[in-house]
Amino acid sequence: MKIILAFIVLFPLAGFLVNGLFRNTRSKKSIAYYACSQIFSSFFLSCIAFYLVKNGGSEVVTYFDFIKISNLNISFSFQIDQLSALFLLIITGVGFLIHVYSAAYMHEEEPKHFARYFAYLNLFVFSMLILVLGANYVIMFMGWEGVGLCSYLLVGYWFKNNNYNYAAKKAFIMNRIGDLGFLLAVFWIINKLGTVGYTEVFAKAATLSTFDVTAITMLLFVGAMGKSAQIPLYTWLPDAMAGPTPVSALIHAATMVTAGIYMIARSNVLFSMSAITMNLITIIGLATALLSATIAIKQNDIKKVLAYSTVSQLGYMFLGLGVGAYTGAVFHVMTHAFFKALLFLGAGSVIHAMHHEQDIRNMGGLKKKLPITHLTFLLGCFAISGIPPFSGFFSKDEILAAAFASNPIYWVLGVVGAAMTAFYMFRLYATTFLGNFRGTKVQELHLHESPKAMTYPLIILAILSVVGGLIGIPEILGGNHQLHHFLSSVLTSEKPIHINHNTEFLLMATSVVIAVIAILFAVNKFSKKPELSEAKGLGKIFANKWYVDELYEKIIVIPLLAIATFLKNIVEKSGIDGIVNGVGKYIQYSARQIRLVQNGQVGSYVLFMVLAFIIMILIWVNDGHIYKFLTQLF
Amino acid sequence: MPIQNYIIVALTLFTIGIVGVLVRRNALIVFMSIELMLNAVNLLLVAFSKVHHGAALAHNNATTVGAEAQIFVFFIMVVAAAEVSIGLAIIVMLYRNTRSIDINFLNRLKN
Amino acid sequence: MFSFLLILIPILSGLLLFFIKNEKSAKSLSLLASVLTLAISIISLSSKTNLNFSAEWIPSLGAKFSLSLDGLSKMLCLLNSISLPIIFLSIFKNDNKYSPNFFGLMLLMQAGIMGVFLASDALLFYFFWELALIPAYFLCSIWGGEKRIQVTFKFFIYTFVGSLLMLLGIIYLYLQTKGSHSFSIQDFYSLQLSSNKQNTIFCLMFFAFAIKMPIFPFHSWQPDTYEQAPTPVTMILSGVMVKMGVFAVIKWLIPVLPDATNHFSNIVILLSVIGMLYASLIAIKQDDVKRMIAYSSIAHIGLICAAIFSNTINGLQGALIQMFNHGIIVIGLWIVADVIEKQIGTRKFSELGGLAQKAPTLAILLVVLSFANIALPLTSAFVGEFLMFSGLFKYNIWFAAIAAISIILGAVYTLNMVQKIFYGNTVSATENAIDISWNIKLALIFLVIIVLVFGVYPMPLINLINS
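Protein chains in written order, with the numbering used here: chain A, 1 to 634; chain Z, 1 to 111; chain C, 1 to 467.
Same shape as in the complex, but just chain A (with noise of 0.2 Å):
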């Protein structure tokens, strides 16, 4: 297993420095075939690891020291287990898909871009791997940076264009606002009980104070708030779909964003210890599912529909998190990986067949042209929007009746979320898939369908969107939920749900419903009718994102920015410099008007010699006190 493991992290590294190193030298077809056969290679010892831990049973291997002090012991070890084992197999099964399709979005680059590119994703993969194998948080931590760091790179992949920058650039920095709170995390936990390991630290994690542990769960889920975009940290997810599109579907969709997820669920016997913190979790969950989706209803750039899609469901998993329903959240992690991975890919076949356009009010009627994306992305729009049996459907589900047995309100709320999604989708799936064409007359003698390194992962998505669900079949539609057996060993902490099965048949006949009655209205008003004018009203404010990023902007940038400017400018020059400058002035002053006192005049220097002696006996006349206050003085 040791040397399994190691081999699973070390292709894609493997994979980055041949590319990474090589760029000049290689063809385009060599570092693809290289860049896609390391990923395969990991993926298949994946398929390995997750057979030997199929049946039960967890392995954690050391394979040296990382920092070892007298009192502080993190060794660089892997743990393998049920829940990594199935991240495991997303990263690498997905990573592998869209590396195959990006050697086809991407031909256009020169070579050794091109090698840049698939450098990158190779590392990503990389840090995605050690994140999730890591056995303690530290390891896990050089994961969670090293992901930022490749979501940095990648989403600046296009370097000239500097709004790319400046969206990559917000992404790792809202990123590293997360990590401050896991860090913090990580210090408290080393502070109190002296370890990182996750065994060691949940076998004494009751002996953690409610304080304690409600602190370190806080800090915990402010890191999860930065990397899997949630309330207040989200506004960087939309920015970065500024990178390739296949990159936002691997990093910005399927796996870096879920790290949050996998992080909480890892830590599960903690969080379910602090019922504060899951609360907050569901607030916070709830509050971003509907905020991001209010604002999906009004973009018109197709990937920024998606991203914010992506932050929506990313809320649904932190309810279910929220609400203890860890199985549910890993499952619909799993579920929207697929169908998220195979939306943004169906939409980067759309913005390659369209010559880099991603404004869906110049699309429509791509339904022809495009067959094997509309339909690719027509059965992902059916598994985001819940619709039964498809993969989407049995996941959220599981989330909404988790949330029913803790809080009916939570349920409604993300019941209404559920029908602005499937509201959302299909008003993209409508006016870029149906009515007429609106482009110009270039892009629509242009129209193709994408290669078939394209659509061949789109069709494999496409599938596991639809069957993906199957393994978490609920006890009620007479399956028995294979999954919740599988993970069960790792997530021990989940308490099992309590609600009557007719009601929970219910809950989900009406999500079903509602869902479908917001797709029929959603296809019925925007295939015929697209919505072409700019937004007003409510709608005016959902489609400016509810003016978060300007509110960001006037509270926290310009302000840090006056600050910087007044103690670079007024205290560090004036304050501090001329402290000491001042010091240096007023020595030379004062020796300059000392100097006049040596005139060369004799009468003068005759006058001083007479003053000093009067004072001299004065001193010593004067019985003596003048002489004895300066004795003490010195």
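Per label pair, the in silico range of CB-to-CB distance:
| # | chain 1 | residue 1 | chain 2 | residue 2 | range |
| --- | --- | --- | --- | --- | --- |
| 1 | C | Ile43 | A | Ile276 | 57 to 63 Å |
| 2 | A | Glu200 | C | His263 | 35 to 41 Å |
| 3 | C | Ile434 | A | Phe566 | 38 to 44 Å |
| 4 | C | Ser46 | A | Arg592 | 55 to 61 Å |
With a Cα cut of at most 20 Å, we get these calculated PhoX-like pairs of lysine-lysine:
| # | chain 1 | residue 1 | chain 2 | residue 2 |
| --- | --- | --- | --- | --- |
| 5 | A | Lys28 | A | Lys112 |
| 6 | A | Lys585 | C | Lys147 |
| 7 | A | Lys573 | C | Lys147 |
Quick caveat, the hints were computed from the structure, so don't treat them as lab data.
Predicted model, so just to flag it, every value in this text is computed and none were measured.
C-beta atoms are modelled at their ideal positions from N, C-alpha and C, and glycine is treated no differently.
Chains Z and C: place on chain A using the hints.
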């Protein structure tokens, strides 16, 4: 006569001498003021010597204790005369060089 | 013996260089001498014997010429001896800007710094402390930028005032030693002073070290000096010389004055934390590569100082590791700044851009160093900063939390720098830029390898310090 009177006279002379040195610019007068200070000291020396000698005579008729200072004063006067000649020579040289005996011209110490 | 050789070789070769007129041979000789020093320093790492050296120096005062090489000094001597060959390599193909005297003074400065790290006698320590300063003064005032005279004067006077106060403290301690007085560090360690006396001496000596490190608000000499000094000198100043202050705190201040350290640790940490945020904020608004790196360096040193005074094992270990790593990283950043200044002729962000298209190798190497500068995991700085923050956290949660904001600010200014220099479209200044030459490439790759190796496997460094 009490010793205080001598001291007061000597002090007065000395102070006149100091003030003279400080305020006058004519080198000759400065020089004379210096002499005045010297003689103030001489006067004091003689006066103290007389007092000491008188006190010693009360115990022993033939003693010379305390009288040495009166002889010393003569030495001082001789040396002072020699010093005056050198001092006046300097002043003459000064006059030759600067055509003036104003001591404020003597500020070469500054540079 | 090793310790003596580490000082002797740079001194002798430095003096020899003053008599060489030929530029080429001066370059080669200095490179050779510095590589020789590096070799000795590497050999001494694994050596258990022959580490110490002692001889009579000024017997009437009880001052000895005694040197010792413990784990910490081994590491710092290694840093010192790595930095010089790298610096010489990076200016090897330079135009004829630097005369043989330049190299001689550089080697003398190295000898002085080496002596500071090695001395185990307080007077000798002071002697080397000043010896390191004097060549720095000449180097800056002869080969520096436009405002060099003024700035170097300020630098010299500022640090010199500090040194004098330190000398005062040393003499006071010397007078407190028992029997016939001695300057030996062992005697200093065994002093039992009342806490009042300790506080006074602490203030005197800490002032000197705070200026050298530098700690807010004693830092104002630093950005000017780094900006005006010739870049190779800046590399030594910020990479190695500021470590003298940190090192002195660890070796000469805390163990000698334990009560005063406890008494003042709150204030010192507070100053350090304020300094971190302050310097980070100012760095964000800098338009000059060199000044930005200077302020970033102040922020990092602030963290090191805070960690040392946190009085925790984690903090101290992290600080020790970070002293080495910061030196390596910052030298790399300076090399890049130097290349940019030489090639493009400007250091202003506002006049740069798009260099990544013209100099991809430089861009990649700088990006790695930049991410090391913000302590990304798998670079060596992460290990140090992680331990330091965890130590600071143990000392006080709020200090750690506030100090950690500088992690975010660090990302802001570092990424700003990368973006403004390398990304975007080329501008007129960078239109004709070319990629770096082999010697600079070699120097930077060497540094990057050190950064990455110790980032993945830092144990050799940790073991070295604890040996």
